[in-house]
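**Student:** Here the sequence shown is numbered in the numbering used here, starting from 1325 and rising by one per residue.
Hints were generated in silico from the structure; no laboratory data involved. Just so it is clear, the structure is predicted and the values come from calculations on it, not from any experiment. Wrong hints could be hidden among the right ones.
What the hints assert, rightly or not - Derived DSSO-like pairs: lysine-lysine, alpha-carbon spacing no greater than 30 angstroms straight-line:
no., residue 1, residue 2
1, K1374, K1360
2, K1403, K1360
3, K1403, K1374
4, K1366, K1403
Stated by the list, open to error - What follows is a list of derived Cβ distance ranges for each label pair:
no., residue 1, residue 2, range
5, Y1579, E1349, 18 to 24 angstroms
6, S1395, A1528, 40 to 46 angstroms
7, T1503, E1349, 42 to 48 angstroms
8, D1598, H1361, 50 to 56 angstroms
9, P1566, P1512, 41 to 47 angstroms
10, E1349, A1599, 37 to 43 angstroms
11, P1537, A1454, 26 to 32 angstroms
12, P1537, E1346, 41 to 47 angstroms
Think of the CB as a built atom: it goes at the ideal place given N, C-alpha and C, for glycine as much as any other residue.
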Amino acid sequence: MSDDHSAGSTLPRRQLGRVLREAREGLGLTLEQAAKHMEWGKSTLGRVEKGQAERVRAREVADLCQLYGLSDERTEVMKNLAAQASTRSWWYPFSDLIAAGFNVYLGLEAGAAGLSFYQPLVVPGLLQTAEYARAMDRAYFPEDSPAEIDRRIELRTRRQAILQRKRNPAMATVVLHETVLRTVVGSPRIMTAQLRHLADLGTADNITIRVLPFRTGLPLGVGIAPFVILDFAPDVRGGVEPTIVFAENYTGGMYFEERGDVDRYRAAHLTLRDAALGADISRTLLREAARSFENER
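Build the full structure now, drawing on both the sequences and the hints.
**Tutor:** Structure below.
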């Protein structure tokens, strides 16, 4: 997967929609007024502005830019975003395996410049070995065929490219509860390889892994579900896609974009990170846990 196509179409759609919304609001036009000029329904323009439209035609974008009085240069940028927004994402061949709504997360993850994880239960997908992922998927998707499980592993492996690419790899700050190290997924053999893999990943310049030990108790005063904070690099206009939090649950997940919600999750992650062991000590603990599992084999 090349760097040029790693982000798929999610971010371009969101960026395009945000710019168009800001331009409309800058003129004092309501959503209804702008939609009427375009001979569209209000909901159609609303979906474009929210980045939810699957297809956005360059000609229609140019018409909107003309309506809003944007310069020729800015219009060309918007048309380019529209072209990117209509491009099929790299994970399209796997769409039959992707849960409803998770394709949005994939697009955000693929375009993120920084990811801040808290995971109290299992290894995050971006850090999983193939065998660890296979053991999880066999349990979670018991009716899948071996071929479908193989495709799920391939999808997860391709997602991991954002941390491994040579040019501008994403930065990842990961806080793992010690439970993750002690919970057997698959077998002791699989856990040995997975924990050593985590220790090795933690030596990369762009990946920091810290373990939150049992003895710290509840740094936030309560238990908290897994979440990831996604930060983005400046776009073609020099603007930055707002930070998004994805909080997981058994049936899917929720997205938080409001500034207050994002700030609370950011503060929570900092508290958990500060309560966790340092990166070097965490690597030592990971390797010790791996040896412990190896002795069980």
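**Student:** List in ascending order the numbers of the hints, as given earlier, that are violated by the structure.
**Tutor:** none
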